[in-house]
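Peer 1: Counting in the numbering used here, the first sequence runs from 1 upward without gaps.
Simulated from the structure, these hints should not be mistaken for laboratory data.
Hints are not guaranteed to be accurate.
[Said to hold, decoys possible] DEER-style ranges, computed between Cβ atoms:
#1 D201 with D149: 44 to 54 Å
#2 G296 with D149: 36 to 46 Å
#3 R472 with D172: 29 to 39 Å
#4 D251 with S469: 52 to 62 Å
[Said to hold, decoys possible] The calculated lysine-lysine pairs, modelled on DSS-like cross-linking and capped at a C-alpha distance of 30 Å, are:
#5 K205 with K123
#6 K205 with K181
#7 K123 with K181
#8 K243 with K268
#9 K181 with K387
#10 K123 with K387
#11 K181 with K243
The model shown is predicted, which means the values in this text are computed figures rather than measured ones.
Just so you know, even glycine gets a beta-carbon here, dropped at the ideal spot from N, CA and C.
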Amino acid sequence: MPDVASVLAQRLQAAFDTVAPGADPVLRPSDRADFQANGALALARRLGRPPREIADAIAAAAQLDDVCERVEVSGPGFVNLVLSTPFVERSVREMAVDSRLGVERTLAPERVVVTYSHPNVAKEMHVGHLRSTVIGDALCRMLGHLGHDVVRENHIGDWGTPFGMLIEHLLDVGEEAAITKLSVGDLTGFYQAARASFDGDDEFKDRSRRRVVLLQRGDAETLRMWRVLVDHSISYFDEVYEKLGVLLTDDDIKGESFYNPMLPQVVKDLDAAGLLVEDAGALCVFPPGFTNREGGPLPLIVQKSDGGFGYAATDLACIRHRVDVVGATRMLYVVGAPQAQHLEMCFAVSRMAGWLPSGVEAVHVPFGSVLGTDHRMLRTRAGTSVKLVDLLDEAVARAAEAMAERGRDAALSSEEQRSVAHALGMGAIKYADLSTDRVRDYVFDWDRMLSFEGDTGPYLQYAHARIRSIFRRATEPAGAEPEPGGERAERGSVIVLRAPEERALGLSLIGYSAAIRAAVEELSPSKLCAYLYSLATTFTTFYERCPVLRAPDETTRLSRLALAETTALVLSEGLGLLGIEAPERM
RNA sequence: GCCCCCGUGGCCGAGUGGACUUAGGCAACGGACUUCUAAUCCGUACCACGCAGGUUCGAAUCCUGCCGGGGGCGCCA
Numbered sequence: 001m002p003d004v005a006s007v008l009a010q011r012l013q014a015a016f017d018t019v020a021p022g023a024d025p026v027l028r029p030s031d032r033a034d035f036q037a038n039g040a041l042a043l044a045r046r047l048g049r050p051p052r053e054i055a056d057a058i059a060a061a062a063q064l065d066d067v068c069e070r071v072e073v074s075g076p077g078f079v080n081l082v083l084s085t086p087f088v089e090r091s092v093r094e095m096a097v098d099s100r101l102g103v104e105r106t107l108a109p110e111r112v113v114v115t116y117s118h119p120n121v122a123k124e125m126h127v128g129h130l131r132s133t134v135i136g137d138a139l140c141r142m143l144g145h146l147g148h149d150v151v152r153e154n155h156i157g158d159w160g161t162p163f164g165m166l167i168e169h170l171l172d173v174g175e176e177a178a179i180t181k182l183s184v185g186d187l188t189g190f191y192q193a194a195r196a197s198f199d200g201d202d203e204f205k206d207r208s209r210r211r212v213v214l215l216q217r218g219d220a221e222t223l224r225m226w227r228v229l230v231d232h233s234i235s236y237f238d239e240v241y242e243k244l245g246v247l248l249t250d251d252d253i254k255g256e257s258f259y260n261p262m263l264p265q266v267v268k269d270l271d272a273a274g275l276l277v278e279d280a281g282a283l284c285v286f287p288p289g290f291t292n293r294e295g296g297p298l299p300l301i302v303q304k305s306d307g308g309f310g311y312a313a314t315d316l317a318c319i320r321h322r323v324d325v326v327g328a329t330r331m332l333y334v335v336g337a338p339q340a341q342h343l344e345m346c347f348a349v350s351r352m353a354g355w356l357p358s359g360v361e362a363v364h365v366p367f368g369s370v371l372g373t374d375h376r377m378l379r380t381r382a383g384t385s386v387k388l389v390d391l392l393d394e395a396v397a398r399a400a401e402a403m404a405e406r407g408r409d410a411a412l413s414s415e416e417q418r419s420v421a422h423a424l425g426m427g428a429i430k431y432a433d434l435s436t437d438r439v440r441d442y443v444f445d446w447d448r449m450l451s452f453e454g455d456t457g458p459y460l461q462y463a464h465a466r467i468r469s470i471f472r473r474a475t476e477p478a479g480a481e482p483e484p485g486g487e488r489a490e491r492g493s494v495i496v497l498r499a500p501e502e503r504a505l506g507l508s509l510i511g512y513s514a515a516i517r518a519a520v521e522e523l524s525p526s527k528l529c530a531y532l533y534s535l536a537t538t539f540t541t542f543y544e545r546c547p548v549l550r551a552p553d554e555t556t557r558l559s560r561l562a563l564a565e566t567t568a569l570v571l572s573e574g575l576g577l578l579g580i581e582a583p584e585r586m
């Protein structure tokens, strides 16, 4: 089931081809019509003809009778398109009975590795991990929905020199005490205590260094203690992920330790390829185009002068593994913007070494920082970074408070209150993060995201819950079964669009598939957010003006019920693709 | 010093070559509740595209320079 924009694009392309083969119709949504094609203007110079004349020719050539009720040339050469209401109606009906709500699977599925979240063992998760986790999760869900084969990867920091001091600290405090501390989530306390010993105690420092060597040699007892630290950290991460409601599981963990055994081969093969240069004792690759402070070549340090491997080695091993073993055709790095240069260098070196063939795409998906309302990096009053769990818990507490203020505590069971407060709190945080352009820094403002007014997660959740409540009040038993298919098939076919608000809602609904496509194409969940918000406002306008249960006649009533139901399905599925729950009531 | 990202009204923010005299939201003001959940809707008002040049029939969008903010620039990840 092709979506409306594709149908128009196709027809217009044919018309443009008659005037100038291959010319882009430049189809856009319009505020003067439903859509507009701007392509004629761009052709004016190329063809040496007045743009209006070209637009006229295109409008005349376009086969649009069955889909448009008006095709007009206006202004300097815009082609305005107003869809015919029967066509909109037909499209909504098809969508309403389609189990995928008109979203077709991709014809070119890829195996996409998405790497995101990546917390460090024995270190607290903070807001910096929030964006990566939330954005990565949404991208995985959207890509998966379009039929791509998504391989999630959580590249946790579970290896390296800090483990010497962490293990020694574990020995000092005793395993029991260490485990207790880690399982209550006081990772920061544990890490800082270890750090303090390391900085203030030379004997401890020596022990730590020896411990690193033991770890790297694979000493059994050292590895066992390392495992204790890793396992308890992971179970703590799992708690956070469960709270957040993201897809990541233990199976997705491929930490630095996983790639560690592959590092010597990375060095060997780079050397064999003649790419390795020894510089100041370190083994480096100098990809062209990168310069240091003095304007000289900038190295990617693969092996440090002390013989240890740099993180670049791990990242290179990763790329090889994903291509050779995982079979990735695409890899997405949901990693903060500051690492752009490092990743570019890794990609460049991988290409030089032939590890990243031309058919495989590696993309950095950067994002900006989370700022406090003072527009500086979000920190606690003490100046430390904010614990992610604290943030999540506060969101839930604030949501519960807001529900109580509105008297919802009386309307819902205490169990339901808890789950709804949780959904609202997470929805608020996630939507605030996802709805803004990824690469910009964004201001973390409780009052804004949890105000439950305007362009927020809770507003969308509310819009959805309100629709559901219509069905609880409707007498049809069918209304209580929101699942696609079956009886829905019959109900969808009764949709008629008469009132302008009905037509507007229908038009908005059939834009769903294009919105998802755009969001995936641009790796930009904010595109889907914007669509859902616009659908929700279009719906509420419809809802204010067009009584559903009290519709003037049975035909209208059934039609409006079907429209409402389809809207609810799009909202809950769309929010779901963003990793946001849509409660049945709130 | 070099490189990258960002700069849109009081605030947040979409738009990256087309009708833009810039969407939407928040805050403000005025209306609509014995409701299909008002966490809503309708309306009003609001001196915004950092600055200066350039390219173009047309620039918030492309180019150059500058200003402001953030980040990066060899053994941390």
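Peer 1: Does each hint hold? Answer for all of them.
Peer 2: Evaluation of the provided hints:
no.: 1; hint: D201 with D149: 44 to 54 Å; verdict: holds, 50 Å
no.: 2; hint: G296 with D149: 36 to 46 Å; verdict: holds, 43 Å
no.: 3; hint: R472 with D172: 29 to 39 Å; verdict: violated, 59 Å
no.: 4; hint: D251 with S469: 52 to 62 Å; verdict: violated, 38 Å
no.: 5; hint: K205 with K123; verdict: holds, 19 Å
no.: 6; hint: K205 with K181; verdict: holds, 22 Å
no.: 7; hint: K123 with K181; verdict: holds, 12 Å
no.: 8; hint: K243 with K268; verdict: violated, 43 Å
no.: 9; hint: K181 with K387; verdict: holds, 15 Å
no.: 10; hint: K123 with K387; verdict: holds, 10 Å
no.: 11; hint: K181 with K243; verdict: holds, 20 Å
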